[in-house]
Each structure stands twice: as structure tokens, then as C-alpha cells.
Amino acid sequence: MTQALPHGVEYIRILPEIVLSVFGMVIMLLDPLVDERSSQKLLGIIALAGSVAAIVATLYQSQFPGLGFWGMVKIDGFSTFFHVLVTAIAAVVILSSYEYMQVQQIRAGEYYGLILFGTVGMCLMSSAVELVLIFIALEISSISTYVLAGFRRRAAISSEASLKYFLLGSFATAFFLYGVALMFGATGSTSISVIAEALRSRPIPVLAYAGIALMFVGLGFKVAAAPFHVWTPDVYEGAPAPVVGFMSTAPKAAAFAVLLRVMFEVNAPGRLGLIWVAAALSMTLGNVGALVQQNVKRLLAYSSIAHAGYLLVAFAALPDNGIPAAMFYTASYAAMNVGAFAVVSHLAGAGERFVTLDDYAGLGRRSPLLAATLTIFLLSLIGIPMTGGFFAKFYVFSAALQANLVGLTIIGVLNSAVGAYYYLRIIVVMYMREAREELPAVPVSAALGTALAISTAATLYLGLLPGRVLEYASRSAAELLR
Amino acid sequence: MNLHAMELDKWSPIILTLVTFIPLAGALLLLLLPRRDRDIRVFSLVVSLFTFVLSLHLPVHFHRAQSGFQYELNRAWIPTPNIHYHMGVDGISMWLVVLTTFLTPLCVLISWKSIHERVKEFFIILLVMETALIGVFVALDLFLFYFFWEATLIPMALLIGMYGHGRKVYAAIKFFMYTMIASVFMLAAILWLYAKVGTFDFVTIQNAIRGGQVAGFTSAAQWLFLGFFIAFAVKVPLFPFHTWLPDAHVEAPTAGSVLLAGVLLKMGTYGMLRFNLGLFPDQARANAWWVVILALIGIVYGALVALVQPNMKKLIAYSSISHLGFVVLGIFSFTQAGLDGATFVMLAHGVSTGALFMLAGALYERRHTYEISEFGGLASSMPVYASFFLFIVLASVGLPLLNGFVGEFLVLSGAFQARAVYGILGATGVIWSAGYLLWMYQRVFYGKITHRVNETLPDLDLRERIALLPAAAAALVMGVAPLFWLNSIDPAVQTALAPFAQLVGKVVGQ
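As given, the protein sequences belong to chains A and B, one line each in that order. Heads up, the first sequence is in this note's numbering, so the first residue is 11 and it goes up one at a time. Heads up, the second sequence is in this note's numbering, so the first residue is -3 and it goes up one at a time.
Just so you know, the hints here were simulated from the structure itself, not pulled from any lab data. C-beta: ideal position from N, C-alpha, C; glycine also. Just to be clear, a hint being listed does not mean it is correct.
What the hints assert, rightly or not - Label pairs and their computed distance ranges (CB to CB): (1) V416(A) x G207(B): 18 to 28 Å; (2) A427(A) x A216(B): 15 to 25 Å; (3) N70(B) x L474(A): 13 to 23 Å.
Turn these sequences into a full structure, and let the hints guide you.
Okay, structure coming up:
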């Protein structure tokens, strides 16, 4: 059977990816041409323009829903949601990197390029409906983040992070690929819709169970869910702070998008047991691990494991309220975590010297506004009402309760109470401890200020008026399940 | 005349919103003001006074004979979950709102000099706190209530942790964790109700429960009652959940203590009255026996511990545990007199204990200690201070014609009606309170001056007198004309007691 070449509208269905790639390549081409000192500003602006253009392209693209490229990509409300989310994360991270790169004296060039290329992969992950393409998208996104993790070349700890991330990451993607292969063996296809169709007939082949489990291992690694989380604290500690803000949110959101498609659209067999265990373990190990951390980056790493656990609870729920809950959670987690890491990267100082809790002592006095902003993010991470974090947890747990997952909900609620303690510790240190030595208050640059303003606004918006985002998520979930 | 009435109608739906959020708006404006401490203090005073004056609209235009909620505003806010912006007050919560707005300007005044570092942050936190406290009393949507409830935690923890003394961080965290963990149980109960009824609206849920339309309610009711009760009991604090209170009080700055004792603790008793009695009357009755026992233990235990405190502030803190025990006793006597009295004690205790903390704070500003043994004979060096102190102590021990008497009398007569032994045990608390407060007064003010520094302590200055005078005046007026308060509390209490079959006749009022 010969297949026609893709025609016009199909290219629109990958427009954001094209836009991001073009901007990324422009950056790579310009990088050697501009001199080192002015490269920072110019390339940063191009990267920002690229991500904003990608958001615009996504909005344009959303008017052309449907399949493209021989049924490999699918544009629907679901993909638009994650496209906008990851490109917006990229934009905010680019804004928050600008000052950091200057302080750390890192050459900007490929840094911005890699962020855009990584975003290409993540965008594609959310719109791909064919497992091989998903695998390729996963690799595009992963390889960029491996390199980004090692960007503080002069710091040994950063290279360690990069290598660790790379080794374990490729191991995990191999699992994913193996799962894809088994799935192909079980159903004779790699297309999600065909697989879903095939699995509807009983009996379900054993291979399919194995395939799902292996794919879950691969994706579980990407979202830092226990028991595949061991890399997280080390990598987050070593990688440059803005990169951590990026890789703890954008690739995670994309991996969750894939997981949503695999688990719900396919209606994966054996999903409940897998997710129950992973969610309970992630929440518990993440929170308990975070309790004893002195390094803020490590603390937030454990917290991100815990949040992956809360998010997984939604996957155990029924699809029609589990999917919107998970989507809402990724968005609000992105808002607060990118913001928190933007503050961390500002305070880290040259060579990331100031990343322990003690360095945050007296911050409330030194730079009150920055401390207040971080407090908002931390309160949202705790899940205090009127912040995005509250409704995120609320939707997840109420979805779980509607699916009668009382045990998992209780574990989750108890965990959020434990979680409150260590986030609170940061707030306490900022406001109630005196700094041991008088650290200078570095003024916040305009770019970082914008990044913080966007994250704060998003966190509060999701906390005060969550209706529109949730409604959009519910609609696209219904579309997905149709 | 008619025009006047129309004018009022235009105002009444938004008056609660205004009263609630004007302090918050003031706090946001404070963010923009330059760091000139004097301007910031004056501005905060103006905002809090304005809020107080505005809140007087509530009692002035309140329809006293009418039961149910007034000044209601109910707007859809968030579609999923179905959250409404529903506010309203009855005769009970209205006075608690006024108590909050009354105490806040006094807190501003009393912190005028004692807070000299991070002044801007202090007043921002204080005003945010006021918004959250008022919000708790006016919210009629369970979600909105829970939001304000949690929102009070952060500013109070910051007040203690940033401006307190001694082991302030320990006290702040203990306070936060105790109350936060307890309110998780309330959240769980609220979510259960939401899952079954599909709304957070208090009135709708109440009607659904009374109409028996909530599936599975009978088997869950006991747990729901406990979920709410634990959150409130920790806040009150009811014995044995009280251990956070002395720490929080001793380390808190004066304004923090005033709001903590004056208003924050009442959130707990208000919650019991509104939610435990309002939503689960049968369970309230079934559980009353052990609640009353805990309340009685609290009354006696709080008083006994207060008796032996060497620290003035800790003494007042333990006396709060004892007084709040009276409130719980009154509420769970399920009698008209008991509930009237409980509400009245809440208000009276807010005024007089608030004033006691202000007085203790004034002494601390002069001597930087709360140890009773450091003082003695102050009556000769600080006569005005001594007379203010005596007046408030007498109000607090329940001298007739002052505010403490009315409430305690009503609570005890309610308790006697419920069961004589409750009344007898409760009455010993009155004796104890006279003991520890008067003994403390004697040690601090009478006798010879033992420490030479105390000979030259300056008496209250004009600002401090201005801050204390309203509290003293309120203590007197509430004692002389309690009916002014009681005749608006009465209908609300009747509504609260409606589901309780055995209604005991009114003791006061008509």
C-alpha cells in the first residue's frame, strides 16, 4: 500500500515543533558568530521569541484538530493543553536562566538551543499517538536534558549529575522500548488506537501486561516516581538550578501526557495495581526523604518525587475525572515548581554556593519580596487553599475517592500533612532565623522578575479561579476518551 | 425614611465583604508605602479604625427579632468543585466580627513602640490576620470557611516566629503543626459532605442532613462529628489538646497574644456552636458527656496550673484554657442559658483577656520580663496602671456589673439545668479564677518594692491609656447592659437549639 505524502494541513499539525526547531537552529548558527559577551542577551531573546512563537503556533494549530503523518500525530484539546504548558515552561525557564548564566559565567549559546530542542521532543510526546514516534520524541527530550544537566562544566557535581542521569535514563528508555516491542507482539500494532481496539477483545494476552509494565517502568523513571526515583536527588543537586526547574516540570508533564494516553486511552490492563504501588511509594519515600534534607535543591528533589506520587493517584482513578485532575495537577505543579527554582537559582550565587537551608536564613529581612514570592510557591506546594497546589490535590483526591480508592487517599492526605513540615521549615528559616553572616542582597533582574511574576500569577490564578482550566481539561479528556 | 431604607438595602449585601477585605486592601497598600515607620503605624491605625467603624453597621442595622442569617451575599464562585462566595452573620457571629474589629486597632496602638524592627511587615501581617479572622466568622460556605480557617494560621505563626521572644520558632512551629494537622480531619469531613451533597453551602447541607437526604449519613455521622470536633478542640484549646497554647502565648508579641486569646481561640468554640451543633445535633448530644468532662477538667486544670505559674503571661494563658472551658461547657449543656452565656463569655473573655495581655505587654516593655517575682509594690510607682489592672482583673474574675459575671452566671445556670453536678464543678472554676488572678495582683502591686528598678517605672503614657480605655469601657458596658448583646444573640441561639428536643425556657430577655 502506497501512502500519499502529507499535505498542507498536516504540517500545521506539527507547526509548534517546526517553529521551535527553526529557532533552535538559528541559535546554533548564530552562536559562533556573535561575540561571547553580547551572545547572552541576543540568543536569550531569540529563544524567548521562539517559545512565544511556539505558543502562538499551538493556538493556531488548535483550530485544525485531527490526525497527521499517517496517523502518527493527533492534534486535540489534550495535545494543545500540554503544548502550551511545556512551551510556557520553556519560556519562563529561559527568562529565569538569563541572570543565572551571567552569574555562573556559562556561555549561553547551545544552552538556549537545547532548551528549545528539548521542548520539541516534549511537544511531540503530547501529540504523538504512535509508540515508536513517542519513543523518538522521548529521546529528543531526554538527550537535551542529559546535556543540560551537565552544563556547569566546571563543577564536578554537575558532570556527575549528567552522567548519572544519562546512564540511568538510557537504561529506562530501553525498558520503554522493550515494552513497545512486547506490545507490538501482543497486538500487532504500535498505534495507540489500534492497540486500544485490540485490547478490548478478551482474553488479553499476557504479553500486553508485560508491555504495559515495562513502558510504565520507562515513564516512571522520567516522572521520578518511586521505585525508579533514586537518580532524582543527585541529579537535581548537581544540575544547574534553572535546568532543574525545567526538567522537574516540562519533561515530567510530557511523560505524564504519554502515560495518560497509554494508561487511559489504551485502557491499560493491570493499570490499577502498578499505579497504586508506585503512587503510595512515591508519596511516602519522597516526603520522608525530604524531611532530613539540608540542601534546598535536594529537598525540592524529594518533594518532586512526592508530587509525582500525588499525581499518580489520579491515574488510579476513573478516566473521566482522573485525566482532568492529572492535567490540572501538572499545570499547577509546573507553575509553583518553576517559580521555586527560579528563586533558588537567583539565590544560588556564583558556583551555586548558597543552596543550603542555612543560606536562606534571614532572607525575609534581606529581600522581603523574594522571600514572599518563595513563600507563595511553598504554600502552594503544601497545598494551602487559594493556591494552585490546593486545587491540584483536591481534584486528585476527590477523583480517587470517587473511584473508591479510600486507602490511597488516606495515604495521600497523611503524606501532605508530613509534607507541610519540610516546606514550612524553609519558610521558618527565611523569616525566623537570623543570617549567620551578612550576605549581600542581589537585586533581581527584570527577566527573572518577569519569570517570577508569571509563575506567581499562574499559581494564584489556578488557586482562585481554577474553573476555566479544569473545564478545558475535562472537555479534552472527554474528547480523548471518545 | 423610605429612601434611607433603600440606601441600607443597597449596602447590606456588600457590607460583610467590605468589612472582611478592607484590612487586606490596607495591607496591600502598605506594601507600596515607603518604609517610614511612623506613617506605616498611622496608616494601619486608620485602616483598622475605619474597619471598626464600618463593622458597627452590622449591629446598628441588625434585625434583632429575626432569626437566621442577615447581610447575606451568595454568588457562584468556582464551578468545580461547586464553591460559592456565601457570607452572612447571625447574632452570634456578628458580635465576634465586631470583637475582632474592636481589638485590632487596640493591637495597633499597643504595638506602636514595642515593634521597632520590620515594622512594615508586622502591620501587613496584622491586617491580613484581621481579614482572615473576620472571614472565619462570616463564611457560610464550608470551603470558604476552611480557607479562612487555614489562612489565620500563617500570619499568626509569622507573628509569633518573627516578633516573639525566647523560643519563638519552636512555639510558632508547634502552633502551626498542631492546628494544621487537626484541621486536616475537618477537611476530610467537609469533603465527605461535599461528595454526598454536591455543595459546600452550609445552609443547603444543613437542610439536606435534617431532611435525611444524605446517603450513608447515619453511619458516617459520628466520624464527621469527630472530624470537625478535633479541629475545633485543638483551637479552643480543650484539655488535653492545649499544650501549644502556653508556648504560643508566652513567646508571642503582645498584639499576637491579644488576637490569639481574644479572637483566635473563639474560632474553635464558634465552630463547635455553628458546625458541631448545627450539622450534627444527634451526635453532639450523644458525645456531650465526654466533651463536658473534658471541659470541666479544662476549667479546673487550667485554673490550678494558672495558680502556680511564676510567669504572668503564662498565668493569663492558662486562665484562658479555664475560661474557654466555660464556653464549651455552656455550648454542650444544650440550654438557652448555657448557649447565651457561652457566646457572652466568648465576647467578654475577648475583651478582658485581650486587655490583660495588653497590660502584661506594657509591663514587659518596661522591664523585659513577665516573672511575677520581679515585681511587687507597683501600685505606688504606677498608680494608673495599677487601677486599670485591678479593673480588668475584677472583670475577669466575674465581679457583678462587669462583663465576666454575666456570661459565667448564664453558663453555670445552663449547666445546672443540664445536670447539677456540671454546675457545681464548673462553679469551682469561678472560685479558682478569683484566687489566681487576685493573688497575682497582690504579688505584683502590693507590698514593698523589692527591686529598685521598679521604683522609677514610668506610668502608662497617653497612647497606652487610649488603647486600654476602650477595653475597660467595654468591660463595664457589657456588664451593665448585657441585654444589648443578649437580645441579638438570643434568636440565633434559639435557632441553634431548635433541633434539640428538650428546650429549657429562657432565663434572660423577655
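### Task
Output the numbers, in ascending order, of every earlier hint that fails for this structure.
No numbers; nothing is violated.
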